[in-house]
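A.B. asks: Once you've looked at the hints, dock chain B against the given chain A.
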Amino acid sequence: MKTTPIIYTNPELEQMRQLVARARAQLAALETDYTKEKSRVDAVQAVLFRRLREYYQKRDQLRHTVDYRRKFLASLTHGDRQEGMKAAEDYERAQTQTDQDYEELAAAADKKKNLTAEQEAELTQLWKKLVKLYHPDRFANEPDKLETYSKLTAAINLAKDTGDIELLREIAEDPHGFILRQGWAKLDFSDQEELTQLRRLHETLQKEIATVTESLKSLRASPDYELCQLAEQKPGVLDELAAERVKQLEVENTELELQAERLAKEIKRLDGNAV
Amino acid sequence: MSEKHIFALVRNPARAVEKAAPGAKRVLAGMIADTLALNNAEAKAWFEKGENYRNSKNYTEAFRCYLKAAEQNHIEAQFNVGFAFEHGLEVELNEVEAVKWYRRAAEQEDSVAQYILGKCYYYGTGVEKDLGEAVKWFHKSADHNDNAAQYYLGLCYFYGYGVEKDCVEAARWLRKSAEQNDADAQYYLGYCYNYGEGVEKNYAEAVKWFRKAAEQNRAKAQFYLGDCYYFGRGVAKDYAEVIKWWFKAAEQNYARAQNNLGVCYAKGHGVGQDYTEAAKWFFKAAEQNDNMAQYYLGVCYEYGRGVASNYTKAMEWFHKAAGGGNKDAAKKLAALSTKVSKKVAMNGK
Numbered sequence: 053m054k055t056t057p058i059i060y061t062n063p064e065l066e067q068m069r070q071l072v073a074r075a076r077a078q079l080a081a082l083e084t085d086y087t088k089e090k091s092r093v094d095a096v097q098a099v100l101f102r103r104l105r106e107y108y109q110k111r112d113q114l115r116h117t118v119d120y121r122r123k124f125l126a127s128l129t130h131g132d133r134q135e136g137m138k139a140a141e142d143y144e145r146a147q148t149q150t151d152q153d154y155e156e157l158a159a160a161a162d163k164k165k166n167l168t169a170e171q172e173a174e175l176t177q178l179w180k181k182l183v184k185l186y187h188p189d190r191f192a193n194e195p196d197k198l199e200t201y202s203k204l205t206a207a208i209n210l211a212k213d214t215g216d217i218e219l220l221r222e223i224a225e226d227p228h229g230f231i232l233r234q235g236w237a238k239l240d241f242s243d244q245e246e247l248t249q250l251r252r253l254h255e256t257l258q259k260e261i262a263t264v265t266e267s268l269k270s271l272r273a274s275p276d277y278e279l280c281q282l283a284e285q286k287p288g289v290l291d292e293l294a295a296e297r298v299k300q301l302e303v304e305n306t307e308l309e310l311q312a313e314r315l316a317k318e319i320k321r322l323d324g325n326a327v
Numbered sequence: 510m511s512e513k514h515i516f517a518l519v520r521n522p523a524r525a526v527e528k529a530a531p532g533a534k535r536v537l538a539g540m541i542a543d544t545l546a547l548n549n550a551e552a553k554a555w556f557e558k559g560e561n562y563r564n565s566k567n568y569t570e571a572f573r574c575y576l577k578a579a580e581q582n583h584i585e586a587q588f589n590v591g592f593a594f595e596h597g598l599e600v601e602l603n604e605v606e607a608v609k610w611y612r613r614a615a616e617q618e619d620s621v622a623q624y625i626l627g628k629c630y631y632y633g634t635g636v637e638k639d640l641g642e643a644v645k646w647f648h649k650s651a652d653h654n655d656n657a658a659q660y661y662l663g664l665c666y667f668y669g670y671g672v673e674k675d676c677v678e679a680a681r682w683l684r685k686s687a688e689q690n691d692a693d694a695q696y697y698l699g700y701c702y703n704y705g706e707g708v709e710k711n712y713a714e715a716v717k718w719f720r721k722a723a724e725q726n727r728a729k730a731q732f733y734l735g736d737c738y739y740f741g742r743g744v745a746k747d748y749a750e751v752i753k754w755w756f757k758a759a760e761q762n763y764a765r766a767q768n769n770l771g772v773c774y775a776k777g778h779g780v781g782q783d784y785t786e787a788a789k790w791f792f793k794a795a796e797q798n799d800n801m802a803q804y805y806l807g808v809c810y811e812y813g814r815g816v817a818s819n820y821t822k823a824m825e826w827f828h829k830a831a832g833g834g835n836k837d838a839a840k841k842l843a844a845l846s847t848k849v850s851k852k853v854a855m856n857g858k
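Sequence order for the protein chains is A and B. Residues 53 to 327 (our numbering) make up the first sequence, in order. Residues 510 to 858 (our numbering) make up the second sequence, in order.
Extracted from the complex, chain A is given alone in its bound form (with noise of 0.2 Å):
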């Protein structure tokens, strides 16, 4: 008679281990999902921005004319120079806020490059990697190793916003080395082997698919989103959108120069000094 052989295995752990590692498969599909589609939207945003800025940064400007010329048209009239001279301050830091404003979009679209095919490919390769760095209460209880694990997740999800595949790959290739370099506290990510850990991971793993879905949801619900379709299904329509647009703004601006011009020749009717 045969005698049965010992079993090593708790069923229970490796039923647990088989569903982390089908809840890390599905976020790390989840996640390259969405870093494809969100790099696809900001790509499609970034050519629209670099076609119009030109034409609404001059509007803006001008709005911000008009509007001053006006206050100041009716702070002469009031007699009310207090009035007039807050006008003066809104202005000047309306326009410096609006410059700012396009100065940092400007440069946001010119860090943006559309991922190639291949890039695209390597996404779910690096996302299975990058899952299995996720553990959020492993460092809980200590402070040093939490600040790295939350400088790690932030430096994760930037790089995934801003399409940044090099920085993504960095930190799937090696994390340790990535900390290292950083000359942040070391972190160790490989799987504990406690039941009640595993499932804890397991339970944060499926919020974090959640909280993904969510987030791909709204994307694909977003006007960006609508405006990405469109440039894709239809080549061309982005740069015939633009053009007309440009024709619209170009209408718009001369109205608002003149208002401007008519205002301020009113100013310099009331008061030569001004202006």
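Calculated directly from the structure, the hints in this document are not laboratory data. Please note that the accuracy of each hint is not assured.
What follows is a set of in silico ranges between Cβ atoms, one per label pair, in the way DEER data are often shown [unchecked claim]:
1) B/Val677 / A/Gln249: 35 to 41 Å
2) A/Arg74 / B/Glu688: 36 to 42 Å
3) A/Pro275 / B/Gly633: 34 to 40 Å
4) B/Lys638 / A/Lys203: 48 to 54 Å
For each residue, glycine too, the CB sits at the ideal point set by N, CA and C.
C.D. replies: Below, chain B without anything else, positioned relative to chain A:
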């Protein structure tokens, strides 16, 4: 801050400038909104132009305008273009193109397009057959309360097509559709009640739904409703009603009803006994390979009921019925063959 929230905090969907100043965010959002509005205005103009052409029956021009609007994401235009390709109207029939346009409208949550796309996957027209995808699109459309999609979704759950078989879920979707007066769903819901599939067996409910579908001329429902009256299941036995409903189904060439109607004429149930009529209905059903009808028709020929007695023909029909697994027919065939061969032998003497 709990570490659990780190991913969520930094993530924040949509724009690359999410973390930039709200002013910058607003600037970009404004640009996108303006551009989309411009696009939508153009798309709408093309669509309306298409509508005008259609109203003046210039379909070629209408299609051209719809296509322009569809390319600019106009949902109704996308549906129209899909429809034109599906049916080859003003353009060469092209199922692949049809699927492409239905998909675009479906992705923009057009419930009818979602239903049709589901059907394309269900039958594999214009796209590789994929029941899982079919279920996905039926589900989306059904969630928008499309009764046809709810019916198909119910069917998928009922048979386990593209999804794990689940009769409770099937009955739930069939009911939604049936309550919107979808005759096919009414029939299936009646079936569920009749056999207790996914709902508790309830003959009165079965009769109620069979009747609704039968009144909308669904042959199967008419057959089952007649059946309920015949056996007094969920309703009082009433041969006049039996004849009424089986006759309607039989006229639609539903073989089982034709056979049963033949039986009514043969037995004089609800009608005067009339073998000629009986044989007529048996013949119609037998021609559609109805096993029982083939057997009964054989009997008619054997004994000369409603038709002239003819052993050769009787044997022919018994043979067919026996081939379909009818044991009575097999016995009859054997007996008749012996009888005939004896007769031949006697004549030979």
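A.B. asks: Hint by hint, note whether the structure agrees.
C.D. replies: Each hint tested on the structure:
no.: 1; hint: B/Val677 / A/Gln249: 35 to 41 Å; verdict: holds (37 Å)
no.: 2; hint: A/Arg74 / B/Glu688: 36 to 42 Å; verdict: holds (38 Å)
no.: 3; hint: A/Pro275 / B/Gly633: 34 to 40 Å; verdict: holds (35 Å)
no.: 4; hint: B/Lys638 / A/Lys203: 48 to 54 Å; verdict: holds (50 Å)
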